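2 protein chains.
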Amino acid sequence: MKKLGVIGGLGPMATAYFLQLLTQMSDAKSDQEHMEILLHSKPQIPDRTRFILGQSGENPLPQMVEIGVDLKSQGAEAIAIPCVTAHYFQKNLEDAIGIPILNAVEETVLCLKEAGISRAGVLATDGTIESGLFQRAFAGEGISAMLPDRAGQQAVMQIIYQNVKAGQPVDLAAFWRVAEGLFGQGAQAVLLACTELSLVKRDFGLGEGFLDVMEVLARKAVLICGRLKGQYECLLRLREGQCPS
Amino acid sequence: MKKLGVIGGLGPMATAYFLQLLTQMSDAKSDQEHMEILLHSKPQIPDRTRFILGQSGENPLPQMVEIGVDLKSQGAEAIAIPCVTAHYFQKNLEDAIGIPILNAVEETVLCLKEAGISRAGVLATDGTIESGLFQRAFAGEGISAMLPDRAGQQAVMQIIYQNVKAGQPVDLAAFWRVAEGLFGQGAQAVLLACTELSLVKRDFGLGEGFLDVMEVLARKAVLICGRLKGQYECLLRLREGQCPS
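Residue numbers (our numbering), protein chains in the order written: chain A, 1 to 245; chain B, 246 to 490.
Hint data in this document are derived by calculation from the structure and do not stem from the laboratory.
No experiment lies behind these values; they were computed from the predicted model shown.
Yeah, the Cβ is synthetic: ideal placement off N, Cα and C, and Gly gets one too.
You can take every hint at face value.
Computed beta-carbon distance windows for the label pairs:
#	chain 1	residue 1	chain 2	residue 2	range
1	A	Val69	B	Glu386	44 to 50 Å
2	B	Ser389	A	Val69	48 to 54 Å
3	B	Leu298	A	Ala173	53 to 59 Å
Computed footprint of chain B on chain A; a stretch qualifies when at least three of its residues, placed anywhere within it, have a C-beta under 8 Å from a C-beta of chain B:
#	region
4	32 to 39
5	160 to 174
From just these sequences and the hints, can you work out the full model?
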């Protein structure tokens, strides 16, 4: 059983929920059968989206590298980062730290391909969208990324920053307007591609058609470091009438 | 803002919920305003109750000390252990590690005294009950510890080990039989004095009259390392007709 390192705090509630997912996905009948985790939660790491968009000169990479190197020196054999936007730095982090950084984006592509999805909506931060993280990962895999329009993307950012990260109530009506817009345009699945949106699923369910990228990341971590409960083999239940292409 | 160290995994789901409590109790409008946390979750640490009762020679103390010393060397200025039974070792840990180990038991006494409680039910592991952790802390403070009878205590252990720690459904009927038994005998408040029972409150609410010892611990950690949201100043709402003595 490997030790998992976690670079956390981006944001802090998503990190707590990530640990919850790791635990509930683990096939264990006692404390002792669960995986070992080393977590450094440092919410003070500069905002990823602001740096990617050039709105801030504060680069989050050096602090993430420093934490990752420490986690490795404490015995972590792989690292998970429960923040999708931070995956912009995944390759740099892996090079600098020298142990595998689980790649939630690549794992999500595998998951979509297994489900036969060719059109996936992407709900994510401006940093994730503008940097083309998912668009690039989809290219050559036969999957089209369907993005919210400008107003829809603003609504998603509002939910992430002014609702979830700020500890305020979620504007569910706005969430559904954007998500249903993507389904209406033919998305067979909609990605919750920001860990703050995973919290919307935690708190409100959301039903079928959504794939939670943090669940994908947690499952990968459990597969590497522990033993997966059978019920988590499939993370994406399609809506009725949404046949894989 | 201080850095909090957490000795976790005892059990792992309680640890995830502890991080959730720290986050939701923090008065913060962005990631960056939240506290920094260093967590080592090691569920493989030997069972506390089994050692305390002499059912196992495996002492959990050395591994907890080792983790605590590491957390301190990484910059932790105080340590929280989201496991009530582990508080049996609190003084030994503090002596060996050399930074404050937050004391959930003492904090709970303060909380009960503030609320004017003189009769408190204690739902906890056999290790916590047999070692007299709460009974000793109540002595001289004018608080009587009200304990479940033998069958009730067995039911509590069943819920902790065979339900929550095993990832199985909680026998809520059994929980209520024991809790209402204590209220019926005059308990003004009933302590959820095992972090697995905090998860019962997380999942089922439970209503008034209960004081969750893990909430008490989380609040103390936020007071030391962050900024507390006003709504968490009072953690114990009494049942109607249960006037403080």
